[in-house]
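Position in the sequence shown (from 1) plus 22 gives the number in the working numbering.
Take the hints with a grain of salt, since some may be wrong.
Per label pair, the in silico range of CB-to-CB distance [unchecked claim]:
id: 1; residue 1: R79; residue 2: K133; range: 29 to 37 Å
id: 2; residue 1: R79; residue 2: E155; range: 23 to 31 Å
id: 3; residue 1: S65; residue 2: S146; range: 36 to 44 Å
id: 4; residue 1: E25; residue 2: R61; range: 17 to 25 Å
id: 5; residue 1: R157; residue 2: S36; range: 14 to 22 Å
id: 6; residue 1: R158; residue 2: R79; range: 34 to 42 Å
In case anyone wonders, no lab produced these hints; they're calculated from the structure. Don't be surprised by glycine CBs; every beta carbon is placed ideally from N, CA and C.
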Amino acid sequence: MAESTFDRHAFAGSLGTLRIGRSLYTRAEVDSTNDWAWRALASGAEDGAAFVADRQRAGRGREGRAWHTTPGKGLALSLLLTLERPPRAVGVVPLAAGLALARGIERLGLKTRLKWPNDLLVGSSKLAGILCESRRTPRGAWAVVVGVGVNVSQQREEFPREVGEQARERRARGGGALERARASVGRDGHARRRAGARGVAGAGHVLGPAGHRSQPGTGSKRHRHRAR
């Protein structure tokens, strides 16, 4: 089985969280990182676990829309958050994730803006999409999966025809903007993917008491990191 190209060790070393993203699972290909996260929860995955894939066979956005990820040229990531009680405002989670993702990407020098409820834009071009899902677990707790897809450096011709010509053009322009921002600071594709993943990992703390252990910038080197 092919291994993921995501640089998990560099990602772990750059995290500023105590909990979110400290357990990292990587694969070259999955059906959907959100579905993978839900299956992992049923198998005992930890709160705060992150799931990254180079390619999704059945990635999706809101309303069942397909989300395509070209291996090595996009970021497909899902975060698993478990809560002791229903989150007080599940509706703000996509916005919080978007803000965190924007902060991570803006460190590369690229100005972004949020389009409610789940898109991150560069000008009028779509750079990223966010899909949040919540469920009640068999044990009675609540869980939220925050799924993120980022067009890092995908070209127009790499998007499938079913995405639609206009959408292909918008997404390619968004990825091209991120490519140019990366070039201006001399970072490679792995760094761009880490920046997006690291940024959205900071979103967990907005969920109230369940996230108090994951404030950005307070991480300790003693906390473990497991790569799978």
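Outcome of the hint check:
1. Checked against the hint of 29 to 37 Å, the pair R79 and K133 passes, with Cβ atoms roughly 33 Å apart.
2. Our hint of 23 to 31 Å for R79 and E155 is violated, since their Cβ atoms are close to 18 Å apart.
3. One distance hint, 36 to 44 Å for the beta-carbon pair S65 and S146, holds here, with the actual separation near 42 Å.
4. Range check, E25 to R61: Cβ separation about 20 Å, and the 17 to 25 Å hint holds.
5. A hinted range of 14 to 22 Å for the beta carbons of R157 and S36 is inconsistent with their spacing of about 30 Å.
6. Between R158 and R79 the Cβ separation comes to about 27 Å, which falls outside the hinted range of 34 to 42 Å.
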